[in-house]
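Student: Given these sequences and hints, build the entire structure.
Order-wise, the sequence lines are chains A and B. Per this note's numbering, the first sequence starts with residue 2, numbered consecutively. Per this note's numbering, the second sequence starts with residue 262, numbered consecutively.
There may be inaccurate statements among the hints.
As the list claims (entries may be wrong) - With a cut-off of at most 20 Å between alpha-carbon atoms, the simulated EDC-like pairs for lysine to aspartate or glutamate come out as follows:
no., chain 1, residue 1, chain 2, residue 2
1, B, 405, A, 226
2, B, 408, B, 440
3, B, 408, A, 19
4, B, 405, B, 391
5, B, 408, B, 369
6, B, 405, A, 19
Said to hold, decoys possible - So, partial list: chain A residues that the calculated Cβ filter (under 10 Å) puts toward chain B:
no., residue
7, 10
8, 230
9, 395
These are calculated hints, taken from the structure and not from any lab test. Ideal Cβ positions, reconstructed from N, Cα and C, are used throughout, including at glycine.
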Amino acid sequence: MRDIAWIVLKDLRQQVRDRTILIFGLIAPLAIAAALSLAFGNFFQTDESVVFEFGIANADTGGPISEGFSMAMGDLETEGLIEVTFHRNRASLDRAVEEGVVDAGFFIPHGFSDAIVEGSESRVIVVANPDAPVVAGVATSIAEQFALEIASASAAGATVAILGGLSPEQMVQVGLAASRIPPPARVASLEAEIRQLDGPTYYSAGTAMFFMVFVVGVGILSLLEERRRHTLARLLSSPTGPGRILAAKFLLSFMVGVGSVGLFMLFSRFLLGARWVDLPVTALLVMAAVGASAGIVSLVAGWARTAEQAQNFQSVVAVAMGILGGTFFPISGGDSLLATLSLGTPHAWFMRGLGDLSGGGGLAVVALPLAVLTGMAVVTLTISVLGARRNLRP
Amino acid sequence: MNTPLNAPAPDPSPLVLQVEDLRKSYGEIQAVKGITFEIAPGENYGLLGPNGAGKTTTIQMIAGVLEADGGRVTVCGGELTTTTTSLKSHIGWVPQEVALYDRLTARENLAFFGRMQGLSGKRLARRVDEVLQLTGLSDRAGDKTIKFSGGMRRRLNIGIGLLHEPDLLILDEPTVGVDVQSRASILDQVAEMTRQGMAVLYTTHYIEEVERLCNRVGIIDHGELIAEGTRTELVRMVGERDRVLITAEGDLTGGAGRIEQLDGVHQAGVTNEGLELLVDDATPLLPRIFEALAGSGISVSGVRVEEPDLEAVFLHLTGRALRD
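Tutor: Have a look at this one:
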């Protein structure tokens, strides 16, 4: 075991002297997270709870369904989850969004309620600022949720109509009433969105995860580098067995990954105002995410013949997983292809875990992300260890 | 030699290394085709062959770095494979390429590889200092090796192989790309190791190094050990002859005729400066040659004897020069 520790220490000393790991593990992510947070998030305002401001322009004045929507939004405002302002028309709403007076807006077109009652298609239009993707996602989610509520209300109304022979208007009113009975579905969903990470924390977590993938390849890369520099052959000629050399390299990856994310979280707490809650559970998420990322990177980089080739592979994997995993821009939920693909990345599960944890609940609420990340780590690390053995030759 | 830590006690067998029928192929190419030889303590064995002859592959299998396809390597009585880690501390391997960590200092490199060999505490500190002294790098011990010259790096490369005082030191072309001064220093170090009783396996394609250092020589070509023995044995084995060049004046033609009658003299000819003879062994023949010259009234002003070297042996055995 001492051999393993000495190899890890030697590699760490070299990495620190090389400074690359410091740049990728701390300086670059801090700079990027600060830039992203400044551009898209509520920079340095995290001691206040996140309350989005939504504008509503209702051109369907007097329509029962559009009024129901306004009432529901008003309920949420009363609960302190959002702030709502009303606008005379679409142009006023667009201007308010554009000027940042509100974070996003909803435009309800004329004849909306009638169209719903008649069973024809009509839409609530979400007006969002492309520079604020998080709030745009929340607004879209509210609109989608409202559409689901209308659908379920219509179904409930239809059922009542069959039983009691109500008119279409009565049917919608009953449906709307029915939709208000179980508000937890709507409010809980909205809460889940709002309880997502605030700007600085979101971008800090995403950036930490993105750059962590660049540093967790250090183990497999240093193995290839040792081979190139012939020091691996020298190690193999010593009583230190090949298995221990490999163990040291993977331990190095894990330590560097956890260390860089941990250090970054510490710095981001004070420099960027990121809020990390429930540190023991967050630490578990970090370790599982590092394990999964190290496994994936080692698996891919392990196919390389040279350290340079492995670095290229690692970069491709890091960027692809970073984008797909929603580290810079949220991948909208639902069953879109992108959302489905994102579930193949540790990033998505890590971000989801942190988001779930931000609303409290401890280990129980992150059980699924934690289990998925751990599973990814076990599978990919096992395969990559088996693959890496072929590099243990002079 | 000190017994390395965690190493089994050496076998009472006098041999440090026994290599039997060692084989290795890379795809269709047979790099090593059944090599057999052995080395005793204090012996310096030279493995001589051109580039691509299979020397490094053989060495890597002996060092336990490369898995052999067949055959056996026995070190200090124990069979060595890539996985028999405890036996490896009997071996100090100096690879052909400089194998150092550039961003570590000379002292840190030595300490790290010393630890990998099982050294620790005071013994490690003492050996690091001794090796720094031996390699002449004490005053640069705190410098990163990336700042070292090629010669200094080579010396440190060898020093790492000596750290744990192995029973067998394996040197794979240690002087390739080294300046004359460093080369002389390296050869002196190796000679000193042998004097101290360490067995040395030395591979090179420089004949003068083998002739200077090695007690016995194995000539390897195309993955096969084609001849083995002391220098004299090898020369005799192939029937090569000494050349005697005599600077003289007088009746050179008559003198050449008389000398040619002597046993052991195969050829005697007249040159611009005197005579040139081809003989079996010049040393015992020289007095009789001088007698014959004196009898012919020839005055001799100089004599030079050229013994056949291993280059000639290699040429004889393979039909081509060593550095072709």
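Student: Can you confirm whether the C-alpha distance between residue 405 (chain B) and residue 391 (chain B) stays at or below 20 Å?
Tutor: holds, 19 Å
Student: Does residue 440 (chain B) lie within 20 Å of residue 408 (chain B) when you go C-alpha to C-alpha?
Tutor: holds, 17 Å
Student: Mind checking the alpha carbons of residue 405 (chain B) and residue 19 (chain A) for me, to see if they're no more than 20 Å apart?
Tutor: holds, 12 Å
Student: Can the restraint linking residue 408 (chain B) and residue 369 (chain B) be considered satisfied, given a maximum Cα separation of 20 Å?
Tutor: Holds, because 14 Å separates the two Cα atoms, which is no more than 20 Å.
Student: Given residue 395 (chain A) was flagged as interface, is its beta-carbon under 10 Å from a beta-carbon of chain B?
Tutor: holds, 5 Å
Student: What's the verdict on residue 408 (chain B) and residue 19 (chain A), does the C-alpha distance respect the 20 Å limit or exceed it?
Tutor: With a Cα-Cα distance of about 15 Å, the restraint between residue 408 (chain B) and residue 19 (chain A) holds, given a limit of 20 Å.
Student: Does residue 230 (chain A) meet its interface restraint, that is, does its C-beta lie within less than 10 Å of any C-beta in chain B?
Tutor: holds, 7 Å
Student: CA of residue 405 (chain B) to CA of residue 226 (chain A), is that 20 Å or under?
Tutor: holds, 18 Å
Student: Let's test the interface hint: is any C-beta of chain B closer than 10 Å to that of residue 10 (chain A)?
Tutor: holds, 9 Å
In this structure, every one of the numbered hints holds.
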